[in-house]
Every structure is written in structure tokens, then in C-alpha cells.
Amino acid sequence: MNLIDKYIAEVGKHLPRKQRADIEAEIRSTLEDMLEERKQANGEVSEEQMIALLKEYGAPREVAESYTGPRYLIGPRVFPIFEMVTKIVVAVLLGLALVKLGLSLANSSLVGIEFLEKIGGSILELFGGLITAFGNIVLVFAILERVLPAKEFDEEEEWNPAELASEPDPDQVSIGEQIWGILFMAGFLVIFNLYANPDAWYIRENDWNFLSLRFTDAFLSYLPWINILAILEIALSLYMIRQGLWNATTRIINIALQLAWIVLSVLMLKGPDLIESTAGFSRIGNLMASVTLAIVIIVSSIEVAQMAYRLMKSRPSPPYPVMK
Amino acid sequence: MENDELVQNMLLELRRGTLSIAVLSQLTKEQYGYSLLKALSDKGLEVEQSTLYPLLRRLESQGLLQSDWRIVDEARPRRYYVISAQGKAVLTKLKREWSLMAETMKQMLT
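Sequence order for the protein chains is A and B.
Its first residue numbered -16, the first sequence is counted upward by one per residue in the numbering used here.
Its first residue numbered 37, the second sequence is counted upward by one per residue in the numbering used here.
The following block holds chain B by itself, in its conformation from the complex (with noise of 0.2 Å):
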């Protein structure tokens, strides 16, 4: 019992940590907040929206996204954040990281 909430705990870091990579990878295409929850969600990265909301605005604080309010289809208003130029150098970076600590992490668990 004790060892599940250590896991989970763990896990939740785990994630916290690879979310905004996640989430940059996701906003090559423009979306509105619920449908990258969904988006994320469809590709197995469950994440709660008091997660979710605040990292998009930090990510696009920090330049790495653009957001505006717009109204598509005569739906009632929604804000849309696509990645911006910074955040598409940042992510390549980003990737390669990733990919390094991959192997690494595979090479020590196996």
C-alpha cells in the first residue's frame, strides 16, 4: 500500500518532467486547450487539466508558444496555442535530449 503511493508519486514527477516536451511535440498543429487534453489523451498521456492549463501559459510566457481567442465554426470562443519558432528550435533540442537519456536509461535497466 505504502509502495503504490511511493510509486505513484514517483510517476507523477516522472510525467511532470516529460509533459512539456509532450505538449510542444503536440502543438506543431494549432489547438484550443480541451482538444490537446483529448489529443494527449488519445496517444496514452493521461494529464488533468490543472496541469495542463498552467504549463501552456508558462510555455507561451517563456515564448514557446502563441496563443489568441478566436471563434471557429460559431462555437462560443476558445483560446488556440500553436508552437512559435523559439519553441520549435527549443523542441528539437528537446528531442535529442530525449532520445540520449532513452538509451541511457535503457542501457541501465536492462
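This is chain A alone, in the form it adopts within the complex (with noise of 0.2 Å):
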């Protein structure tokens, strides 16, 4: 085997099959015409010469690439998608993560080595299933990169500027949801307090034998601290209508707030019963208090990485003077 056929055949291993010959056959008689124009002009070729010709040519990766082009396992054309589906993936997990975190400490004693048990354990399950899932995400795309006729993604549709989206403002406070949460807090205190006194359950129960439910001591203990929140949340709402647009601090507060109301929801989770019935209802309020509590958990963990997320891609100041 010459150096041209050693040549020729490093260069074969990474063309694709198909033009594999083609492009062999090609690239011997080019260098067969320049190895005979050498020998014209200087009679025989010495095995330097014939290396010098080779390099000349090329390396053997370089001259296959320039048939071929750059191969991907993920090319542009499916990339944006690719990276798109990526985000919401590891959102839904995370997201997931943190939920299960929040239960499986409910069920805990929230110390010790139990403690650090389940965070370590939470954080491993969640990085092996990132693992996984970012695995599987990328052999479908790969997939789908070589299925794909080339065309698929090449005409673009006619767009119309008009219709692009105005850009929201991620800083923007939505006003909606601030007023909302405040009616939502102003009617837990209302309520809570209100009916915190005992005897306000038990109104009809004489008259009409009705279901009486009351808050236990237990719930009574935790109370001072829901007033507490409620009013810092009412509080921070109403700066963040008058302010407009959040900040790093009013982030961190939020966050601060709202980890708050998580660990408060975890601790009356897992704490005593927090509603008694005399009419056997026990159990169907404690269920609907747990629900409510592990509603608090899933909305607060959602707006603590929300917030999180915001906070770590704030996004640069312009690097032009902003008249406000």
C-alpha cells in the first residue's frame, strides 16, 4: 500500500458511505495528475516530495470536512427548539424537585441527620434526573437531525414586524397580581383572626345541630406568624404597585418572604392537628388544611425560583443613560 492509497484511505474514513467511492476516485486522480506533473518536471519523486504533496493537499479530517461540511449532532436548524424544550424540562424538574423536597420534609423531623438526609438525597435524585432526562432530550434531536428532510426547517414563513409580541418587561410588577394577593392575604387575616375565637363556630350549633369546626391550640400557636407574613406580603405588595418594577432587593425580600411562608407550612404540615370537629368532620378539615398547605408550598417554591431565576439573569443596564 503506497502513501497515496494510505492517504486516500484515512481520508475515506470520514466521508459518509454513500459518495465514499466517489470522492475517493476523485481525489486519487487529482493527486495522480499532480504527482505526474512533478515527475515531468523533476523526473522521479522522492518519498519527501510525495509527503510534501500530501500535506499539501491537506490533512486527511480537513479534506473530508470540506466535502462533507461540519457534521452535528444537533444542528442550527434544530437547535432553538432544542434549547427551548431543554428549559422547560429542567423547569418542570426542578420544579418537581422542590415539591417533593417540600413534602418529604413535612413527613420529617427537620433535624439531624434525617434532615441533611433528605436535602443530599433530594439533590442527587434531581441532578440523576436532570442526567437522564437531558440524555434522552438530546438522542431524540440527534434523531431528529438526521431524519428530518433537509427542507423542513428552510422556508421560513412570511413574518410581519406588526405582529411582533411587544417584549415583556421581566421587572415589570403585574399589578393584577399584587392586588389579587392582597385580597387573598386581607381575606385569610379577616378570617383566621375572626374565627379565631372559638365561639364563632359555634354560632347555629344549638339551633340547628350544625357542624361545628374550630381551630385547635395548635393552629392558634402558628397564628402570630401567619399575621405576621400577611402583613409583610400585603406590605411588599403595595411598595411593588407604587415602585413598579422589581429590584434586586425587593427580589430577595420576596424570596425571604416567601421561604417563610414555606417553612411555616411545613411546620403546621407536620405539627398536630390543626382543626377539630365535634361532628366527625375531623379528618375532612385536616385534609382540606393540608391541601391548602401544600398549595402555599407549590405557589411560594414557584415564585422563590421565579424570582431566583430573575435575580441571577437580571439583565444589564444599557449602556446608555435612561431618563425615568
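The set of hints was computed from the structure by calculation and includes no laboratory data.
Note that the structure is a prediction, hence the values are computed from the model and not measured.
Backbone N, C-alpha and C define an ideal beta-carbon position, used for all residues, glycine too.
Watch out, some of these pointers could steer you wrong.
In silico DSS-like links for lysine-lysine, alpha-carbon gap of 27 Å or less [said to hold, decoys possible]:
id: 1; chain 1: B; residue 1: Lys74; chain 2: A; residue 2: Lys(-11)
id: 2; chain 1: B; residue 1: Lys79; chain 2: A; residue 2: Lys38
id: 3; chain 1: B; residue 1: Lys79; chain 2: A; residue 2: Lys22
id: 4; chain 1: B; residue 1: Lys74; chain 2: A; residue 2: Lys38
Far from chain A by the CB rule (all over 12 Å, computed), these chain B residues [as the list claims (entries may be wrong)]:
id: 5; residue: Gln44
id: 6; residue: Gln122
id: 7; residue: Glu139
Build the complex: two chains, separate frames, hints provided.
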């Protein structure tokens, strides 16, 4: 096997099977033409000259690449969708992991080795899950990259600049959301504090033998904390409505507040019964309380995740002065 | 030094853009790869094999060139390329565009 054969075999290794024979024949034909020209000019070609000639022609991998173009695992046409899907899946997995962690902490003593084990286990599980999910997404998109017809993404739809949605400002405070939040918190404050007095639940009991529910002492011990957090939450909402834009400080305060809600909810979930009933509805009452607390944990976790994400991704200020 | 490299890269891009027209214009008479390379070089356009051959295949896949393997004068088999009817039509248009572009650039640069 002479140098040319070896060289061509090496180039062929990097060529797609379908075109290999054809391209190999073409390269051989060219190399032999070049060789012949040199023979005519200098007589017999030495091995050094042969090596120089092949060097001039190019490294085998580069020569092969010049025919095939760069080869992608996931090419530029499907990459934007790949990126979007990956982000969504990562966000969902993070959310699920937070909820799962919250629930498992609720069933633990929240101290000592058990606590650390739960946290550590969740992180490991999340990490494993992320890697598996990422691997699967890559696999699917690598297959798509190979089976989608080349033209599939080439034809851009006609687009109209007028149809572009105005870019939502991630720092913009949603007034509606804040108002709902205030109403919700105020409602909680009124209901909890009004009915904290056990008598309030007995109004109709004697006349109608009506369902009677009352908060337990355990719940009442949490009530001051609920009140403080609700007041802080309302204050923050009012401030944000005035302010109009989130900044790093208000985001951190909100994160702290939401974490406080999560901790309080977890403690309440794993603590003693919150509601007692004289009519055998204790279980339903407590189940509803648990569901409510679980919702609070989920909603707060999502808010923490969103705020933390925005905090880390906060947009750099523009390179020119801004008139406010 | 840095500027030299920038200039070289820009020249490379400029040449790459003109290469398709140059190749089509030289293939009114059939040629094999290496003879085309020489023809271009003789006229002052140095092209590397790694640029020329893939370009020839691309032009052929676009229907602008035709090719076949042949043995001429008992030499080794060579692939001969020649411009197709579609290629000729495209070349005519490209020539016109090129003149306009050259004129525009001339006006801009003088």
C-alpha cells in the first residue's frame, strides 16, 4: 500500500458511505495528476516530495470535511427548539424536585441527620433526573437532526414585524397579581382572626346542630406568625404597586418572605391537627388544611424559583443613560 | 500583523464569493478538476483543491454542471465537468450582476 492509498483510505474514513467511493476516486485522480506534473518537472518523485505533496493537499480529516461540511449532533436548524425544550424540562424537573422535597421534609423531623439525608437525597435525585432527561432530549433531537428532510426548516414563513408581541419586561410588576395577592392575604387575615375565637364557630350549633369546626390550640400558636407574614406580604405588594419594577432588593425580600411561608407551612403540615370538629368532620377538615398548605408550599416554591431565576438573570443596564 | 490577518480573511471571503462565477465561466469547455485548477491559476486565481472540488460537486448537485468519468488518451480515469444549459442561463445573469456590482464598487472606491 503506497502513501497515496494510505492517504485516501484515511480521508475515506471521515466520508459518508454513500459518497465515499466517488470522492476517493476523484482525490486519487487529482493526486495522480499532481504527481505526474511533478514527475515531468523534476523526474522521479522521492518519498519526501510525496509527503510534501500530500501535506499540500491537506490533512485527511480537513479534506473530508471540505466535502461534507461540519457534521452536527444537533444542528443549527433544530437547536433553538432543542434549547427551548431543555429549558422547559429542566424547569419542570426543578419544580417537581422542590415540591417533593417540601413534602418529604414535611414528614421528617426537620433536624439532624434525617434532615441532611433528605436534602442530600433530593439533590442527588434531581441531578440524576436532570442527566437522564438531558440525555433523552439529546437522543431525540440527534435522531430528528438525521431524519428531518433538509428543507423542513429552510422555508421561513413570511412574517410581519407588526405582529411581533411587545417584549414583556421581566422586571415589570404585575399590578393585577399584586392586587389579588393583597385581597387573598386580607381575606385570610380576617377569616383566621375572626374565627380564632372558638365561639364564632358555635353560633348555630344549638339551633341546628350544625357542623361545628374550630381551630385547635396548635393552629392558634401559629396564628401570630401567619399574621406577621400576611402583613409583610401585603406591605410588600403595596410597595411593589407603587414601585412598578422589581429590583434585586425587593426580589430578595420576596424570596425570604416566600421561604418563610414554606417553612411555616411545612411546620404546620407535620405538626398536630389544626382543626377539630365535634361532628366527625375532623379528618376532612384537616385534609383540606393539608391540601391548602401543600398549595401554599407549591405556589411559594414556584415564586422563589422565578424570583431567583430573575435575580440571577437580571438584565444588564443599557450602555446609555436612561430617563425615568 | 493583526491587520494582515484581517485582510487575508476578508480576501478569502471575497474570493469565495466570486469563485462560483469564475468556475462556471471556465467550464464552457469541459475540464477535469486538476486542469481547471491550472486554468484558474493561469488566469491569476489561485484556488485550493479543498475549496474547488467540493464547489464542483455542489454546482453539479444544483444542476449547473454536468460531469462524467472518462478515460481520455489512455490516461487514468478522470472526472470531466462541463457547464449545463441551466448553468449557462445562470452564468449570463451572474455576469450582468457582476458588472453592476463592479461598477458600483468602482464608484464607491474612487
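Each hint tested on the structure:
no., hint, result
1, B/Lys74 / A/Lys(-11), "holds, 26 Å"
2, B/Lys79 / A/Lys38, "holds, 25 Å"
3, B/Lys79 / A/Lys22, "holds, 24 Å"
4, B/Lys74 / A/Lys38, "holds, 19 Å"
5, Gln44, "holds, 18 Å"
6, Gln122, "holds, 19 Å"
7, Glu139, "holds, 32 Å"
Consistency with the previously given hints is maintained throughout, with no hint failing.
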